[in-house]
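Chains as they are written, first to last, in numbering that gives the first Met the number 0: chain Z, 0 to 773; chain S, 0 to 367.
By construction, these hints were calculated from the structure, which means they are not laboratory data. Check each hint, because a few of them may be wrong.
[To be verified] In the DSSO-like style, the derived pairs of lysine-lysine whose C-alpha atoms are separated by at most 27 angstroms in a straight line are: (1) Z:K139 to S:K264; (2) S:K345 to Z:K139; (3) Z:K139 to Z:K178.
[Stated by the list, open to error] The calculated label-pair distances, taken between Cβ atoms and stated as ranges, are: (4) S:D45 to Z:A723: 38 to 44 angstroms; (5) S:N131 to Z:A173: 54 to 60 angstroms; (6) Z:A607 to S:A149: 57 to 63 angstroms; (7) S:R38 to Z:Y308: 31 to 37 angstroms; (8) Z:L85 to S:V334: 47 to 53 angstroms.
We treat Cβ as the ideally placed atom computed from N, Cα and C, and that holds for glycine.
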Amino acid sequence: MTDASAAPAAPIPIPVARALRQASAHPSVDGVKLVDRVDDEFVYSIDIRTEMPATWRAVGQSPIGVRVVESVNLTFSSLYPLLAPLIELRADFDRSHPHLNPGPAGAPPVPCLVAGSPRELIQTRGFIGLIDQLVEWLEKASALELNNPAAGWEPVRRDHIHDIAVVDSAALHALVERKGGAAYMWAPYIHTRSDVGHYRLHVPIEPGPFGPNDTRLFARRNFRFREDSGHCLAIAAWAGKGGDGQLQVADVYRPEDVATLADLRARAAAYGCLEFLDAKLKHVASRLTAQPIDIIVPIVVLLLPRRPYRVVGTDSNIETCGYLVEVGKGADLLNPETAVRLLGHRDTPSVAVLRRTSGDDLAAATLPWTLIGCGSVGSKLALHLTRAGRAPGVLVDRDLLEPHNFARHAALPFDGERHSLYMISKTYSVAEMVRSLAPEPKRLDLDALSLPLHADGRIAVAPSATAMIVNTTGSAVLREVYGHADWADRPPLVEACLVGAGRAAFVGIEGSGANPNASDLMAEAYNVIRQDAALADIVFSAEAEAIQIGQGCSTFSFALSDAQLSAFTASMAMVVAGAQREGLPQGGEVRLGRLGDDGVSQQWSRFATAPWIVVERTAADQPAIRIHPRVHAAIEADIAQWPGVETGGVLIGRFSQIGNCFQVVDTLPAPEDSTRSVAEFVLGTRGLKTLIDALVQSSRGTLQVIGTWHSHLQPSGPSGTDIATGALLATQQLGPLLMLIHTSGGYSALTTEAVGGGKTLLMATARGSESDGA
Amino acid sequence: MTLVELESGRTILIDIRIRADADDPDGEAPDVAAQLRSRLKRDENDCLYVDAFLLTHPDADHICGLRNHFHLGTPEGWSKSSDKILIREMWSSPIIFRRANRKSHILCDDAAAWATEARRRVAYFKQWGFANAGNRIKVLGEDIDRKTDALGAILIKADETFSTIDGAFDSSFSARLLGPLPPADEAEEEVLSKNDSSVIIQLTLASGNQPQAARYLIGGDAEVAIWERIWAKHKLVPDVLAYDILIAPHHCSWHSLSWDSWSKKREEAKVSADARSALAQARPGAVVIASSKPVKDDESDPPCIRAKREYVGIVKPVGGEFRCVSDGGGDEPLVVETNWAGPKLKRAGLIGAGLYATGVGSEALAHG
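Okay, chain S solo, but in the shape it has when bound (with noise of 0.2 angstroms):
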């Protein structure tokens, strides 16, 4: 989950993960709603929203507890009771229409919930020719056999750059879309959709007067393929793919750098030179985020300790640094601000760094 806060205020939200387990306060996980919801903004209606929530691809570990925690269905709908969170612009990659349908991707619950919501979106605009916040959509590349022709003006295509979040223009942002590429053909849509295809976005941030202040590279669990046809696309003007800051694709794994298996090959496995090339366009101190548990050096993947090696071999020429959200053991988020100056990992505090840990009440404790 990564929460974007724009310095005009307002908030992108970007894929989910809130587990069962982080709805429990005796859980073990962090209590991740309670930490997005702190830091989101009410409006008149005492209402809980978003701007604008990017899907990137429609996987478990990307969409869990949207159900459970945001609003869905027309904005008239929602109640303060329930107090659930208003989507005001949903941003979604056109697989969600087709995944449906597909039968070797099962959709789980809660992504089945974004398409049907997705859907009564894009129909709400095909009926009006506009929509208003709770009802917006903006599809996010083209669909094959030019399914998405008819949807106008909430289609962004491939290479297009956008400004405007809930039906507003703003200076604060711009964002190019980068991927899901159009496949070609049916072959090469099943080797696409195999490699599980993300909405990939450079997102530019405004700060003080600074127009590029920072720029995000965002490819959800976007794979080698992919990342092998962008650099073919953007090789000769690399521009598009610098970054200040990498989430590194599907949460560090190897499979975005390679065609091999890690826990097969190890050592033996060969990066590709185009998929790093893709990933390697960092700008100077640029930071590469992993969003996974802690990195080891052993077989596991994601995360994988080679791929953090081949991201550390990146940024460190440009003296930029790896890290990895679980860094620090505590529960707090990991917080980047962006001032004129460009991108900066704010400091844990002190309460989320676990300083003040005690051994009571982990488990029973005996006293005789």
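Chain Z extracted, bound-state conformation (with noise of 0.2 angstroms):
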């Protein structure tokens, strides 16, 4: 060290001068000093004033023995602002804290400030921010709030290592018992021969015995040109309980400083495994004595300590603590002084990584899924809830991927040019997806349409605890078939597709008991973007492009970059992984999605619907009446308007040939000329006409008016004059007509339909309340 007055002449580099006058500057800082000076590196201490409960300021520091005053020092190198200060606290600064980075016992400790890299905080805050953050570190150290049973127990330090373990924390952690105890794995390595030779290993979790004739440990193979390979022995150790029979806890924090044999039996005994962990370390000890071996080769120590509280970023309280030791060529496992290496620790990836990382919940319901369509919004909705950890269970599609398909599909050819030779199919390159990640789906190279038709096509889509049915085939004849299919324990269906030619999204979620279903959501959604002029020019006048293909062949597709198929399908991703964390609506949901005039961004909305009142058919060809709340609201208050009197309207909505259905999602008001009596009413015709125009251009004709509906005074079924007008209205209808009759015991219907030329009139009656909905 040298005294700042005698530190040679030679000037302060700018930024070093710019940011020791930003650290004076800053309110926590009491003062900054130049200690030392070596060639182009200074070192300054900056004396750190942390504000402290009036108790602990009185003995001047806190219980931990953080000083109301500390002097940090800071030193910078020549490659500054590139590259940080180096920062450490005094030597004796109590290393019961989390957040110190890993070093050896006898140097100074270095905090770990901030999650990413210091230089990368200075660049975006300014010097001031990273003291700033010293300052924070200082704070929370003080009051031992680095680790808190909220937030979770700090994992021990140990960036920056180069020697990696991959292994699968929950399997490993289950082999920790009450009883303390060690166990055996064998994992295969990879060794690389640079000067210093990292090590890469996976540790399978399968405890197995290391048995006298058990020569796995003395067999190394080359690997590759750079590297070796083997397998190597892994001992796990675990603590039990303590002299006094309580379960032994780790509860105190200590940052990596394991360098040697003894270091590694001393940290053992602190977390309380070092009995088991002897037994091990001197079982394959004498192994190697009675049988030496003139190679190196690694062994793996992982430590397992019991955490007061859940570990940061993992379900458990369970810490994993990798160690490795290379033994042969004369180094022993008996020997204290024998190196030891830090192992990081990598995970598998597991669904419990991956729901982690993605911010979900590992302790939410897992709903298993089948896909319907692994086109392109299929594929990528796949790749997504697997990402998510909700990997699809079931996947269905028909199709192979053509080479048209990966202008938009996730999945890459199989082989370049030649890819159309292999015949792959789209549930194929999906499943290989999913399964590198999940288990593998079970797939069904069928035509969807088929499956809800008989029981073994049923199971094979939903096999039993299915949870949704996910389609994204944008099938309009798929959506009916499986929305009015006759399969009374159907899945719910959720539908995802996108619609005007990519430049909206339509995403539907059955309600309960499907109802709605799914077809009756689409209707519901037509009824939605109708009355929405700018949605409606998108939904309904895209023109399908038909992309040629190859010679002969086409198909119907949208012209559309995979960026924008993506964009939407993201969104669409988490509507679903939302509906699989929270579970489905009671009632059903509409989610419209829309692309802004600058194509770029979006806009969704989200439109409920509560269960709908469904009239059941009482013979087999007459049709269902399925009415959405909202209509019988506004037929009940135009009832309340007209007391006494018989009063009607106009019913909107459309009617499904699979189903066999009418969907009626709302309603016209009686023209002005219309009159209400006792007896009768008579629906006007005073403007009508326009208004029906107006509806069918607004939707496109994707609704239409479909019937009437009045009330009767009492409950009653059709009377002579509505079977009359029903005749009359259905040689003028080229669907089948509804007139809906509200009495005060619930619905009733008159469907009239000519058939064969207009020559032969269907009539049927139907009745239903309100409570039918259910």
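Since each chain comes alone in its own frame, lean on the hints to assemble the complex.
This is how it looks when you write it as structure tokens:
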């Protein structure tokens, strides 16, 4: 050390001087002084004042020993600000804090100030930002807030370690019993032949014996040019109960400073598992004595201390602390001076890791689901959800992955230009992606439409416990077939598709008991869209452009970039993941997304729908009637407005041929020339045609007038007048006609249709009540 | 202005000084009204409120800004358009009822408005025998001639301890009323009123299961005669004066510690041993906070350098500190946080500490 005044006169680099000026200005900095300089390195001592509760300040330090004023050394190299200064606390600073970087026991402790890189912090928030972080660190350290039960136990800092073991933490921690112990496992490893020789190991959690004839420890083979490999022995050790009969909990934080076997044993003692570790070490040592080896092989030690509460970033209170000892060629396991290397830990990509990293909760429900449609939307939805730890269990799609699909599909060609030779199916390509992170999904390379028609197909699509079927085909037929399927315990359908040439997106989530069902939700979506002229222009005006794929082949698909498709699919994946995590809504739900005029922004809206009122059919061919609660409310309001007389209006909706049902989503009020009396309601005409034209125009025909409603003052079915009107209207309407009758006892209906060239008139009545909607 | 947020989440506001300058965005004074509002909660009607507002005494520099920023009148009259702060319960000295009638002390407009509102609430209580939030009041201290005897439940007498706020018992605080003391006679009343008879309160805050995590001693502008009397009364049990945080009386005035004038006698001025003792019951690590301009070594008073020296002398032996709210130069308020280990000053944030200061904007800059 040299006194500042004796420092050579060479000027302090301007960036360093600027940093010090900023540091001095920090309200918590009491003083800055140069304490040493060696060549072009400058060491400054910065006095940092920590605000403490009155009683601690009175004694000059916190109970853990952080002083009111701490002197911290900052060493600036000539590379500053490209390289952040080294920050060192006084050598006797209490080390029982997390967020101390690993280092040898004798060296001054180095605080770990930021999750990222200190030099990034300096760049973004200035040097003052780094100082502020240091001040914050000391303040938290003084109050022991660097570790607290709410945030979790901070694992021992083990950054910048190059020997890495890949371990499934959940499986490893499952070994830890209340009774202390240790276990052997065999781990394949790769060892690079660089100067230091880094190790990469995979420790499968399959405890097994290290038998007398086991020679795996002594076999090593060349792996590749620059690496060698083999199987090494891993020892996991954990604590049991202590002398007091209580489970031993390692509740004192110790920064990583293990460098020798003696250190490792001391660490194992602190974690309460020395006796179990020693037994294994002695056993291995005796084997090595009996059968000396002339090569160097690694031995892995995994200490599993039990912490007082959950370890940060995990759902377990067990921490994994890995070490590696090289033995052979004279290095042995009995010499306390034998060097021990720190072994970093990486988790296997498990559902727990994926969920945690995705910000999802491992404790949240896991709902098995089936994906129908493995095209561009489906493949990306599958990928997003798989990465969120929510992979599909069944994939349904009958198509092959064709060359044009690669413009937007999540998968890449199997073999470049010869891809089509191999006839790769879409389900196969998605299954291959999924199985790298999750159990391999079941594949059904079949026509999804045929499956609900027979029991085997239904079980194949939705094995027991399936919680939702996600349909990404965009097929209107599939929506109708599944939505109206005669399938009592069908899991709810979730539909996700792009509409309007990829400039809008639709997600429909069925209500419980398929009410509203997927088909109802699309009818409701049409009703929402028609009332928004701009959205209607996007959705209903799209001209599907056939993309020429090859001579003689064409398919209907929109020209759309992968990026734009992915942008919408990402949003849809969030909705589906949310329904998986938080459970399906009780009622149904429609979500509509649209692309902004800038071609980049998205706007999403959500429309919740309560269960619809269903007037069930009473005969096989008779259409059922499904009524949106909004329609029921409008009818009730109109009746309340006209007490004592019959009233009525016009019904808007659609007729599902596949479902053989009317879906009523809205009403038009009766024209002003309508007449109401005790005996009858006569629907007028004034202005009605204009309203109907506007409806058909705004919905581009997706919704139409499907009939009328009127009230009866007494519970009764269709009157003679109703039947005559129904017969008349049936001949004037190309589809079936609905005459809905509201009575105090519920709804009844007359449906009529002219078939056989208008000569045969089918008539049927149905009766239902509002409670039928349940 | 002091805002105490209890562990229960309830708030006690002690005195305000929101000058017109502070309401002017280009003014030099910090926008204390905005700072206050940002720390208060809103009720189900979106109405900002304080659970209690303690006015230690009705001087302009302790009540200034009341009409501009606080709702006065019945709570039903509060409107969203004016968006003023509702005072759920007033904590008021009885002196307010007298000063309004005395010629020697003219109340400023805000103080007169406080007095009117206080009288409305007392009348409400007298009429109904109870009150709801926005109509509640506590009168802290008895008035002369037993004028306050009829107040019953809303009167807190000297040396009583209470833990109710806005009609509810709150285990996260208790307050002991030390002053004003009831004057024995007219002559004493004259002496006391000249010495700025303030509410003096020892506030004990609970935190993290520590019922006495922090003790505050708050004495408004009380001066030397008051503190001498307080000491005479409590010197045998001085714990009622103990504090972790003392808000230095009268903005760190010398007149709280001495009968002599600092500007005239300077170093010849003598400290009153009894008044000093009353203010010297510092617990380990205690902090004396001067709610004033920076204390300069000159003849000004308050804040007075000599008073600061006395306070430093009181807290230094117990490892404590003297702090001025204007230390650091920034506009941010001084924040004291209390946890199980006791009260702790919150360190200054970077933005408030003026570290991103620039000369630009302070004056016209010529560019050639």
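Do the hints match the structure? See the list:
no.: 1; hint: Z:K139 to S:K264; in the structure: violated, 47 angstroms
no.: 2; hint: S:K345 to Z:K139; in the structure: holds, 12 angstroms
no.: 3; hint: Z:K139 to Z:K178; in the structure: violated, 35 angstroms
no.: 4; hint: S:D45 to Z:A723: 38 to 44 angstroms; in the structure: violated, 59 angstroms
no.: 5; hint: S:N131 to Z:A173: 54 to 60 angstroms; in the structure: holds, 59 angstroms
no.: 6; hint: Z:A607 to S:A149: 57 to 63 angstroms; in the structure: holds, 59 angstroms
no.: 7; hint: S:R38 to Z:Y308: 31 to 37 angstroms; in the structure: holds, 32 angstroms
no.: 8; hint: Z:L85 to S:V334: 47 to 53 angstroms; in the structure: violated, 33 angstroms
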